[in-house]
Amino acid sequence: MATYIPLSNHQIQYVDSNGDPLVNGTLEFYLAGTTTATSLFSDVDGTSVGVSVTLNSLGMPESGGNVIFLFRDQSKAIKIVGKNATGATLWTDDNIPAVASFDSTASTKLDTVEENADVTDATNVAAAGALMTDGSASMSGDLEMGAGTFVLKSVTAGITASVTQTQGEQVLISRINEVSTVANANDVVTMPSAVGGISATVINNGANVLGIFPASGDDNGSGVDTVTTLASGSNVTFAAYDDTTWEAI
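Residue numbers (our numbering): 9 to 257.
What the hints contain is simulated information worked out from the structure, not anything from laboratory work.
Just to be clear, a hint being listed does not mean it is correct.
To be verified - List of simulated lysine to any residue pairs, SDA-like, C-alpha gap at most 25 Å:
(1) 84 to 65
(2) 87 to 42
(3) 84 to 176
(4) 84 to 104
(5) 87 to 39
(6) 91 to 41
These numbers come from a predicted model, not from an experiment.
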C-alpha cells in the first residue's frame, strides 16, 4: 500500500523570474531522471491530480477550482518541470529522492548496537552497553527523572527454602522475596551478592525458622559466610552499605 507525503521541498506559490505569480503556468511530474510521467496527489489518501497541474492567478496549484497542497508517493523519486503559460520550460527540479518507509510489522526494528558504541542525545553520551544489555551493567553520572515516579517492581513469591541447608542454596533474585515453604527448621535461602546502595526484603511465611546465608564472602550481620535466622511469620529487610556487607534495618 502506497504512502503519500507532502511535497515538502516546494513552496505553495510559484513565481517567474521577476517574482510575479506564475499565472496559468504548469507543473509537470515525471519519474526522476526520465521522461516517464507520474501522478501527484492532493491528500494523504492518494487523490490523484494527474501528471500535471495548472497554476491559478496567484501562481498556486489548483484542481477542481480549489488550491491544493501537493503530495507524492514516498516510494518514488520524482522530477518536476515548471513551465509558463505558453509552455516554455522555466526550471527543472530532478531527483527529488524517495523516502524510506518504516515497517511496523517487522520483527527486527533496530540492528544490534555494539557495546563499545556511544548513544548520544545532543549533549550527553553514554556507552551503549551501560544502557542496553542482557547482563549486569552500570552507568556513571546522574540519571534524572521528570515529574513521574520511578518504581522498581521486583518480587518473587512462593519460594521454597532449601533442605540442603548450605550456603549457595536457593539464591534470592528479587527486591521482595516471600518464602512460603520452610519444611524443616533452618532450611535456607541465600542472599544475592551485596552491592552498595541496594536493599532486599525476606519474608518467612513458612512453618519453621528460616536460615539466611550471605553470598560467598559477604556478611549478613552475623559474620562473613555466616547464616542468620528468621522466625516463622517474620520479615527482615537488608540494606547493603558496601559491596560485601548487608545490614538488617
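Hint check results:
With a C-alpha separation of about 30 Å, the suggested pairing of residue 84 with residue 65 is violated against the 25 Å cut-off. Distance hint between residue 87 and residue 42 is fulfilled; the C-alpha atoms sit about 8 Å from each other, no more than 25 Å. At most 25 Å may separate the alpha-carbon atoms for a hinted pair to count; residue 84 and residue 176 exceed this at roughly 63 Å. Distance hint between residue 84 and residue 104 is fulfilled; the C-alpha atoms sit about 9 Å from each other, no more than 25 Å.
About 6 Å separates the Cα atoms of residue 87 and residue 39, which keeps this hinted pair within 25 Å; it holds. A C-alpha spacing of about 18 Å is found between residue 91 and residue 41, which places the hinted pair at or below 25 Å, so the restraint holds.
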